Structures are given as C-alpha cells and as structure tokens.
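All chains should be modelled from the sequences, with the hints used to inform the complete structure.
Residue numbers (the numbering used here), protein chains in the order written: chain A, 128 to 319; chain B, 128 to 319.
Just so you know, these hints were derived from the structure itself, not from any lab.
A portion of the hints provided could be inaccurate.
Note that identical chains are pooled: a pair holds if it fits in a single copy or bridges any two copies.
To be verified - Computed cross-link-like contacts, EDC-like style, restricted to lysine to aspartate or glutamate with a CA-CA straight-line distance of at most 20 Å:
(1) K146 with E220
(2) K136 with E278
(3) K146 with E284
(4) K146 with E167
(5) K136 with E194
(6) K146 with D282
(7) K136 with E196
(8) K146 with E164
(9) K141 with D184
Small disclaimer: the values here were computed from a predicted structure and weren't measured.
Residue strings, one per chain:
There are 2 protein chains.
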Amino acid sequence: MKHDRKSIKPLPPKHRPYKVLSSEYLAQRPWFTVRRERVELPTGAVVPEWYVFEFPDWVNVIAITREGEFVMISQYRHAAGETRYELVAGCCEEGETAEQSARRELLEETGYGGGRWEQFMVTSPNPTNHTNRVYTFLAVGVEPEQAQHTEAGEDIEVHLFSREEVEALLADDEIMQCLHAAPLWKYFRLNP
Amino acid sequence: MKHDRKSIKPLPPKHRPYKVLSSEYLAQRPWFTVRRERVELPTGAVVPEWYVFEFPDWVNVIAITREGEFVMISQYRHAAGETRYELVAGCCEEGETAEQSARRELLEETGYGGGRWEQFMVTSPNPTNHTNRVYTFLAVGVEPEQAQHTEAGEDIEVHLFSREEVEALLADDEIMQCLHAAPLWKYFRLNP
Numbered sequence: 128m129k130h131d132r133k134s135i136k137p138l139p140p141k142h143r144p145y146k147v148l149s150s151e152y153l154a155q156r157p158w159f160t161v162r163r164e165r166v167e168l169p170t171g172a173v174v175p176e177w178y179v180f181e182f183p184d185w186v187n188v189i190a191i192t193r194e195g196e197f198v199m200i201s202q203y204r205h206a207a208g209e210t211r212y213e214l215v216a217g218c219c220e221e222g223e224t225a226e227q228s229a230r231r232e233l234l235e236e237t238g239y240g241g242g243r244w245e246q247f248m249v250t251s252p253n254p255t256n257h258t259n260r261v262y263t264f265l266a267v268g269v270e271p272e273q274a275q276h277t278e279a280g281e282d283i284e285v286h287l288f289s290r291e292e293v294e295a296l297l298a299d300d301e302i303m304q305c306l307h308a309a310p311l312w313k314y315f316r317l318n319p
Numbered sequence: 128m129k130h131d132r133k134s135i136k137p138l139p140p141k142h143r144p145y146k147v148l149s150s151e152y153l154a155q156r157p158w159f160t161v162r163r164e165r166v167e168l169p170t171g172a173v174v175p176e177w178y179v180f181e182f183p184d185w186v187n188v189i190a191i192t193r194e195g196e197f198v199m200i201s202q203y204r205h206a207a208g209e210t211r212y213e214l215v216a217g218c219c220e221e222g223e224t225a226e227q228s229a230r231r232e233l234l235e236e237t238g239y240g241g242g243r244w245e246q247f248m249v250t251s252p253n254p255t256n257h258t259n260r261v262y263t264f265l266a267v268g269v270e271p272e273q274a275q276h277t278e279a280g281e282d283i284e285v286h287l288f289s290r291e292e293v294e295a296l297l298a299d300d301e302i303m304q305c306l307h308a309a310p311l312w313k314y315f316r317l318n319p
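Here it is as structure tokens:
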C-alpha cells in the first residue's frame, strides 16, 4: 500500500487486534510473570498458545559528565553468558516516575547524579510478548556524588568513555544489548 | 575505571560469570522454553531464581527497493496491544543460515526478493534473560517477485516508505520495537 507523500510522516497503520479466547497465569514471580492466552486473529485463525510476559517498565540513561565523558557500566549477563559494556539501566519501582527510577539507578550503580535530564526515547523490548516499555533518559553534566551502592544481586564495574570510544564500541556491535544500542545510535545520529 | 585513550576502542570488560547451583526447565514449548536457575555471583551473593528464556536466533531486514523505498510492514502485536510499523522479521529455522531465514521472511511477508545482501548488525534482545541473538541484514535493490504468502498466525500489511518517511517515524519513536529501531538508527547514522 502506497501512502500520500504530501505529509512526511505516514498515518498510523490499520489496527486489527486479536480476540482473547482464554487467558491464564502460568507464573507470577517478580522476574517471571507469564500469561498463556488462546487468541483469534481477524483472519479467523486461532493461535492456541500465545505467551505474554508481564514486566514493569524499564529505564536506562545516557549519562554524560561535564567533561563530555559517557558514564557506562559492565556486568555479566547470565542468559547470554557474556559481559559487555552497557548503559546504566533498571526497573521502575512502585510509585516512581520513570525519571525518578533512572536517577536512582544512575546514583546506585555509578554514584553519579545531578545534570540536566530529559526523556530521550521510548521503545518496546518486544511488543509480541512483552507488555512493558523502556524509557531512555539523557542526563548531561552529571557529576560524582557518592560511592557506588549496588544491590546484593549486582556485580557492576563503572567506566568513563569518550564519545569516540562509545562510537567505536557501537560500530563493532559490542554494545550488544539492543535496548541500549538503539538510544545510543539515535543519540549519535541526532548529535553527529 | 579510566581506560587508555591511545587506542580508540576500549578493551573488553572484566568477565566475572556466575556459578549455576541448580537448573531446571519450567517449560519447553516452541515460543516458551524457560529454565529457572539458582546462581552464585563472584561476590558470593546467591540469586535463588534466575529465569532464562531460550529462543532460536531471530532475524530482521532493512530492505530497500531499486527506487530507494523502504519495504516495511505493520501487524498487531498482542502483548503490547498495539499495531506499529516494523521491519520484516522472523525466526531462524533448523538448518537455515541467518541470511537464508531473512531472505525467506522477506519473500513470505512481502513478496520482495533479490538485491544485494549483507549482514548489517548483531544484537541481543536482552542478555539478562534471553539466550539468542538478532541478526539484521541490509538488502539493497529488492524487487517484487511473488505475492505475499503469510502463515495462518500472521496478519501483515506491507508498506513502501521513502527514507524521509522512515526517519519521521523513527524521530517520533513510532517504530517502537527496539530490535528494529536499533538497526534503523544505525543505518541513518552511517548513511546520513
């Protein structure tokens, strides 16, 4: 289907939701809340098992110091069995705004705070099977405010990188976590 | 930790894997294969429930016609309850290379084929709890080869967009699926 080229941004696509024929929770744990649903498509086709993962919203931060350095972390990621450079990231807790969560995570994981904050990007980790959103913040002019203060289940190293170093890592797909690569590529596209 | 600035790309971070104390499968279904593991961090902390989602590798394609139009799709995404513009995407099937999977998905979902193909990006959907990779291909000069031929569980509309239209959607975060936004932002950063 061709779109009208007079307006630059295409109109939203046709919305043809599925009908939920049945739904049951398989698990309701903090990191593992899953529903199995039987759904019917507008085409009439029935998919007997659609798995929906419920997660709280997630946040991450592109944090840049007054000296122009990017505050990054590295940590082991168990499912992939790898350790890579990443943005500071975490979960929205009950009663927090996304920005409050992002500020808390930056402070806990790196000790950095302050600076000018703005919401920079919103994505879905995977709208097929994840209910949640990922909010990315851009924090410019952050400074060391306290010592790192991680939780028991975290083992995180902090790194300060130049813009060129972050771009070199990105270019080789070494910032592998897609939820972090997307806002970083957006940042460098908009700030070339 | 500061890095040596003489080499532009930082050395890999320290790798401190967890020890798996126990592991059991909770489910082994095509779209839902999950292990629950009890793990011990190098810090000595024990996480009693770490959920690992096993998925096959996934693929997607930035497909551009001879006329310079981007071949995009839209489809309802059930967990998020939304319909957005997306890249053509799918799963690697047994015995296929990632490029073969991507070519097959493009042909099935849109009818487009041919062109010059290259692997453009590799990401992880989420290395914390996903075992798999996402391979993005860039296919330039694709042409309509056959009718769309979707599976029973698919309801997909095909769209041809100009570069400006895709950039306008991206700028407003309307290509919401992170696995698709990341390679598109990378493409526009590298091809400004």
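Status of each hint after checking the structure:
no. : hint           : in the structure
1   : K146 with E220 : neither (31 Å within a copy, 28 Å between copies)
2   : K136 with E278 : neither (44 Å within a copy, 30 Å between copies)
3   : K146 with E284 : between (46 Å within a copy, 19 Å between copies)
4   : K146 with E167 : within (5 Å within a copy, 43 Å between copies)
5   : K136 with E194 : between (37 Å within a copy, 19 Å between copies)
6   : K146 with D282 : between (43 Å within a copy, 13 Å between copies)
7   : K136 with E196 : between (34 Å within a copy, 14 Å between copies)
8   : K146 with E164 : within (10 Å within a copy, 34 Å between copies)
9   : K141 with D184 : neither (26 Å within a copy, 29 Å between copies)
Going down the numbered hints, you'll see the structure goes against 1, 2, 9, while the others check out.
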